[in-house]
Amino acid sequence: MGSCGTPVSGMNCPKCGAVLPAEAAYCPVCGTPRSEIDHLVRQAERAVNKALVVGTTMLDRAAKELQPTFNKAMETLRPAVEAVGKATNDVVVAVTPAAEATLRTAKEVADKTVAVVRPTVTKATEKTGNAVHKIREKVRSR
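In this text, residue positions in the sequence shown follow this note's numbering: the first is 1, and each later residue adds one.
For the record, the hints were derived by calculation from the structure and aren't laboratory data. Fair warning: there could be bad hints in the mix.
Derived lysine-lysine pairs resembling DSSO-like cross-links, with alpha carbons at most 27 Å apart [to be verified]:
| # | residue 1 | residue 2 |
| --- | --- | --- |
| 1 | K123 | K107 |
| 2 | K112 | K134 |
| 3 | K64 | K50 |
| 4 | K15 | K50 |
| 5 | K86 | K72 |
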């Protein structure tokens, strides 16, 4: 039955599994009376509700029983977590000057390399430009 006491279309017979027509008084396959089917459905609904209540109660009880253990684990782990955080910070503080010095040195090396290479690259660019110009003139004169 539906929530308002009306027959439910598409419900299955709990004994044989056949689909029950909405207005059927009996299962068309096994002959189980609709009243018995409705009774079995109500029993199943009550069993599901009871299982949900019992399950929720047991989970609540387990959570309450485990809470002290969880709290103790948190208290035990907190100093270790704080120590790891402090050690990480100490490493960052210790490494920062060396990292900054490395970056400065790398920039200086790059700047010096560019300064040394720039004249050669400029000459090569000019020579390449001149060669391209000469080639274009030869191609045009043909």
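Consistency of the hints with the structure:
Pair hint K123 plus K107 holds up; C-alpha atoms about 25 Å apart against a cutoff of 27 Å. Only pairs whose Cα atoms come within 27 Å are accepted, and K112 paired with K134 is rejected, the gap being roughly 34 Å. Between the alpha carbons of K64 and K50 the distance comes to roughly 21 Å, so the proposed pair stays at or under 27 Å and holds. For the given pair, K15 sits about 22 Å from K50 by alpha-carbon distance, which is consistent with the 27 Å threshold.
The hinted pair formed by K86 and K72 meets the criterion: a straight-line CA distance of about 22 Å does not exceed 27 Å.
In terms of the numbered hints stated before, the structure departs from hint 2 and from no other.
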